[in-house]
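Q: Please arrange chain Y with the ligand on chain V, whose structure you already have, making use of the hints.
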Amino acid sequence: MRIDCPCCGSRDIREFTYKGDALALERPDPDAGDAVWNDYVHNRDNPAGPTRELWYHEMGCAAWLVVTRDTVSHEIKAVELASAAKGDVA
Amino acid sequence: MAETVADSVKLIATSPCAGLLPLSIGTMTASEEPPAALTSIAAYRGQEDALSEMLKTAHGMGWPKPGRTTGKEGARALWFGQGQALLVGPAPDPGLARHAALTDQSDAWAMVRLSGAGSQAVLARLTPLDLRRGSFKRGHTARTEIAHMMGSLTRLGEEAFLILVFRSMAATLAHDLEAAMQAVAARTRL
Ligand SMILES: [Zn+2]
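Those protein sequence lines, which keep their order, are chains V and Y. If you read the first sequence in numbering that gives the first Met the number 0, its first letter stands for residue 0, the second for the next number, and so on. If you read the second sequence in numbering that gives the first Met the number 0, its first letter stands for residue 0, the second for the next number, and so on.
Just so you know, the hints here were simulated from the structure itself, not pulled from any lab data. Since the model is a prediction, treat every value here as computed from it, not as a measurement. Warning: the hint list may mix true and false statements.
[What the hints assert, rightly or not] Here are the simulated DMTMM-like cross-link-like pairs (lysine to aspartate or glutamate), alpha carbons at most 25 Å apart as the crow flies:
id: 1; chain 1: V; residue 1: LYS76; chain 2: Y; residue 2: GLU52
id: 2; chain 1: Y; residue 1: LYS71; chain 2: Y; residue 2: GLU31
id: 3; chain 1: V; residue 1: LYS85; chain 2: V; residue 2: ASP38
id: 4; chain 1: Y; residue 1: LYS64; chain 2: Y; residue 2: GLU157
id: 5; chain 1: Y; residue 1: LYS136; chain 2: Y; residue 2: ASP103
id: 6; chain 1: Y; residue 1: LYS64; chain 2: V; residue 2: ASP33
id: 7; chain 1: Y; residue 1: LYS136; chain 2: V; residue 2: ASP11
id: 8; chain 1: V; residue 1: LYS85; chain 2: V; residue 2: GLU25
id: 9; chain 1: Y; residue 1: LYS64; chain 2: V; residue 2: GLU79
id: 10; chain 1: Y; residue 1: LYS64; chain 2: V; residue 2: ASP69
id: 11; chain 1: Y; residue 1: LYS71; chain 2: Y; residue 2: ASP6
id: 12; chain 1: Y; residue 1: LYS55; chain 2: Y; residue 2: GLU72
id: 13; chain 1: Y; residue 1: LYS136; chain 2: V; residue 2: ASP69
id: 14; chain 1: Y; residue 1: LYS136; chain 2: Y; residue 2: ASP6
id: 15; chain 1: Y; residue 1: LYS64; chain 2: V; residue 2: GLU25
id: 16; chain 1: V; residue 1: LYS85; chain 2: V; residue 2: GLU52
id: 17; chain 1: V; residue 1: LYS76; chain 2: V; residue 2: ASP30
id: 18; chain 1: Y; residue 1: LYS71; chain 2: Y; residue 2: ASP175
id: 19; chain 1: Y; residue 1: LYS71; chain 2: Y; residue 2: GLU52
id: 20; chain 1: V; residue 1: LYS85; chain 2: V; residue 2: ASP33
id: 21; chain 1: Y; residue 1: LYS136; chain 2: V; residue 2: ASP3
id: 22; chain 1: Y; residue 1: LYS64; chain 2: Y; residue 2: ASP103
id: 23; chain 1: V; residue 1: LYS18; chain 2: V; residue 2: ASP69
id: 24; chain 1: V; residue 1: LYS76; chain 2: V; residue 2: ASP33
id: 25; chain 1: Y; residue 1: LYS64; chain 2: Y; residue 2: ASP92
id: 26; chain 1: V; residue 1: LYS85; chain 2: Y; residue 2: GLU47
id: 27; chain 1: V; residue 1: LYS76; chain 2: V; residue 2: ASP3
Bound conformation, chain Y alone:
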């Protein structure tokens, strides 16, 4: 049989922020998170408790309350909107589908970690969210506006944040992060 185009073309997977990150400016670094399975989970009506139990059994984390995360590095659930969570890391246990609608969102989001002294000041330039530690603590998460894009923001530590925007917006996020990091670094040098 003759060789087809498909035989001769080699497709190479690239991550959402390939060629854009990492970026280190002053004390701050923006880097792409390692690729992970992303699954949105929306509980069926009245199934919230059963779903939370199943999440605990299968993945060792409960259902996150609004604005909160559960789990830990490598296997996390982010509250992701009304009645919705995003499972980050493990492939979802098929049993979850008995209690919730599961949607594979892997590759759909650019996932960036911003860390180092000044990170909160950088985000303060990009989001209207109240980032002060009293109101946005480690483990807190929010759906909010990030540089005019809808996104998800999570505090991972004192000066460490997880940022998610649609994959198609990765270049915009990297651009706006760079500008804000430069501005914060410049003020530090004054």
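The shape of chain V in the complex, shown without the other chains:
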């Protein structure tokens, strides 16, 4: 498996670390309430098909990436910098 880092180009999976669903970028408002926060912190879908995930190019440029990956075929459809996908997320 390879990921096409927008900064470094196509790189081997060994250079990357997996974080989880890119939902983590959509942090609720502090006052959103317990139900919304509970959902944000604990609940994740487990889809068979396209997902948006956070990957960290740890051994490379140290950028956080949003990777659109099909969990059935492992095909990667899109890769973008998390900072571009979500303003200034470091």
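A: Quick look at chain Y with the ligand alone, frame taken from chain V:
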């Protein structure tokens, strides 16, 4: 005044690869680069152009694009990650600090030159990076995995590379380089 311990102890500076390198096997040599000032430079937001100008004026090299180096032997800038470069050689001009965060990294990295026919084959055993000349040319640099360590790799010539890993990993790098050099040399003898 009585003599203190500090008066009687003499500290001797050693380089990261002291006692480990140089190493010559077959046609290949791994040697430690001469000690140099190492400074990481991270541009402040919106200051990239001003920083590049200042780098040119002060050190005769522009800001390196991702995966590239600028400058030359003795005074080089390596792209070193997102929004970051490593100045290798000269002490940084204080004026750079107006446009960027400067961090002294001298002594923090083991800096090794691998050269001679077979060097690319040695590195192919240690890194997942595509080293073929079409994709990794002279002056190209990458942050990548080197023998399971995070490091920096630069092609200096046809069969000459600059390798940086954390100083604490110097012995591991020397060990893994030695094993890979022996393996490549053995195949050459077949
Ligand atoms: Zn990258």
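Q: Now, for every hint given, state plainly whether the structure supports it.
A: Hint by hint, here is what the structure shows:
1. LYS76/V with GLU52/Y: violated (38 Å)
2. LYS71/Y with GLU31/Y: OK: LYS71/Y and GLU31/Y at ~18 Å, within 25 Å.
3. LYS85/V with ASP38/V: Roughly 20 Å separates the two Cα atoms, so the pair holds.
4. LYS64/Y with GLU157/Y: holds (21 Å)
5. LYS136/Y with ASP103/Y: violated (28 Å)
6. LYS64/Y with ASP33/V: Judged against 25 Å, a Cα distance of about 45 Å means the pair is violated.
7. LYS136/Y with ASP11/V: Within the cut-off at roughly 19 Å; holds.
8. LYS85/V with GLU25/V: Holds, at roughly 9 Å.
9. LYS64/Y with GLU79/V: holds (18 Å)
10. LYS64/Y with ASP69/V: violated (32 Å)
11. LYS71/Y with ASP6/Y: violated (42 Å)
12. LYS55/Y with GLU72/Y: holds (16 Å)
13. LYS136/Y with ASP69/V: Since the Cα atoms of LYS136/Y and ASP69/V sit roughly 34 Å apart, the hinted pair is violated (cutoff 25 Å).
14. LYS136/Y with ASP6/Y: violated (51 Å)
15. LYS64/Y with GLU25/V: violated (31 Å)
16. LYS85/V with GLU52/V: holds (13 Å)
17. LYS76/V with ASP30/V: Roughly 35 Å separates the two Cα atoms, so the pair is violated.
18. LYS71/Y with ASP175/Y: violated (28 Å)
19. LYS71/Y with GLU52/Y: Status holds; Cα separation ~17 Å.
20. LYS85/V with ASP33/V: With Cα atoms ~24 Å apart, LYS85/V and ASP33/V stay inside 25 Å; holds.
21. LYS136/Y with ASP3/V: holds (19 Å)
22. LYS64/Y with ASP103/Y: Within the cut-off at roughly 21 Å; holds.
23. LYS18/V with ASP69/V: holds (16 Å)
24. LYS76/V with ASP33/V: violated (34 Å)
25. LYS64/Y with ASP92/Y: Roughly 20 Å between the alpha carbons, so the hint for LYS64/Y and ASP92/Y holds.
26. LYS85/V with GLU47/Y: Holds. LYS85/V to GLU47/Y sits at ~22 Å (cutoff 25 Å).
27. LYS76/V with ASP3/V: holds (10 Å)
The structure is inconsistent with the numbered hints 1, 5, 6, 10, 11, 13, 14, 15, 17, 18 and 24, although it conforms to all the rest.
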